[in-house]
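Trainee: Start from the sequences, fold in the hints, and give me the full structure.
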Amino acid sequence: AQSVAQPEDQVNVAEGNPLTVKCTYSVSGNPYLFWYVQYPNRGLQFLLKYITGDNLVKGSYGFEAEFNKSQTSFHLKKPSALVSDSALYFCAVRGIDSGNTGKLIFGQGTTLQVKP
Amino acid sequence: DTGVSQDPRHKITKRGQNVTFRCDPISEHNRLYWYRQTLGQGPEFLTYFQNEAQLEKSRLLSDRFSAERPKGSFSTLEIQRTEQGDSAMYLCASSFLTSGSSEQFFGPGTRLTVL
Chain A
1 AQSVAQPEDQ VNVAEGNPLT VKCTYSVSGN PYLFWYVQYP NRGLQFLLKY
51 ITGDNLVKGS YGFEAEFNKS QTSFHLKKPS ALVSDSALYF CAVRGIDSGN
101 TGKLIFGQGT TLQVKP
Chain Y
117 DTGVSQDPRH KITKRGQNVT FRCDPISEHN RLYWYRQTLG QGPEFLTYFQ
167 NEAQLEKSRL LSDRFSAERP KGSFSTLEIQ RTEQGDSAMY LCASSFLTSG
217 SSEQFFGPGT RLTVL
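If you read the sequences in order, they're chains A and Y. So the first sequence is numbered by this note's numbering: it starts at 1 and just counts up by one. So the second sequence is numbered by this note's numbering: it starts at 117 and just counts up by one.
To be clear, the hints were calculated from the coordinates, so they are not data collected in a lab. Heads up, some of the hints might be wrong.
[Unchecked claim] SDA-like mimics (lysine to any residue), calculated; alpha carbons at most 20 Å apart, straight line:
{"id": "1", "chain 1": "A", "residue 1": "22", "chain 2": "A", "residue 2": "62"}
{"id": "2", "chain 1": "Y", "residue 1": "127", "chain 2": "A", "residue 2": "42"}
{"id": "3", "chain 1": "A", "residue 1": "22", "chain 2": "Y", "residue 2": "127"}
Mentor: Set out below in structure tokens:
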């Protein structure tokens, strides 16, 4: 069965420091991986995706993610955190199913807290 | 605003009542999804439409839940005889049909509270 794990409930980082939010996945075949961010009382906003190609994917708001097939990981990174990056982050994988529905399987989320 | 919209944003109801939520996807998107998100958890897939056809339903979708997308545009999600366990955020998302690699665009959600 496909699954996504985000091992940290919360990540704390000082403004200006690099940040990493971890994600590991389990899926048969080639994974389609996504990162979304959720601000309070708002829907999920797409940040970036990995489908194929370069293992380092660049996305919105200066975020990037590194796909590592051998470690089945897709960690989200940013070189210099901003206080406004504080939010709830979700990693997701496209489920494998016969109907090619594209449904997403989400991790439980990681709260990022950036302190001034 | 050309994003995904949902109505209402909040719904408070008493146990046993029926509720209906609406989702308006991005106009050219032919894929539409419903997810449910409870506190401290990631969204969980409920159901999927391709145009007007409902092609997949999760086992989470009990027989009290029904969803429609009558003309392949907006969609409704109805919950009959609501229970306290139905309290959650209901999210709608849409995407354009390709190979399944397209990202989904989410609406702001409808927060349901069942008293």
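Trainee: Could you run down the list of hints and mark each one as holding or not?
Mentor: So, going through the hints one by one against the coordinates:
1. A/22 - A/62: holds, 17 Å
2. Y/127 - A/42: holds, 15 Å
3. A/22 - Y/127: violated, 34 Å
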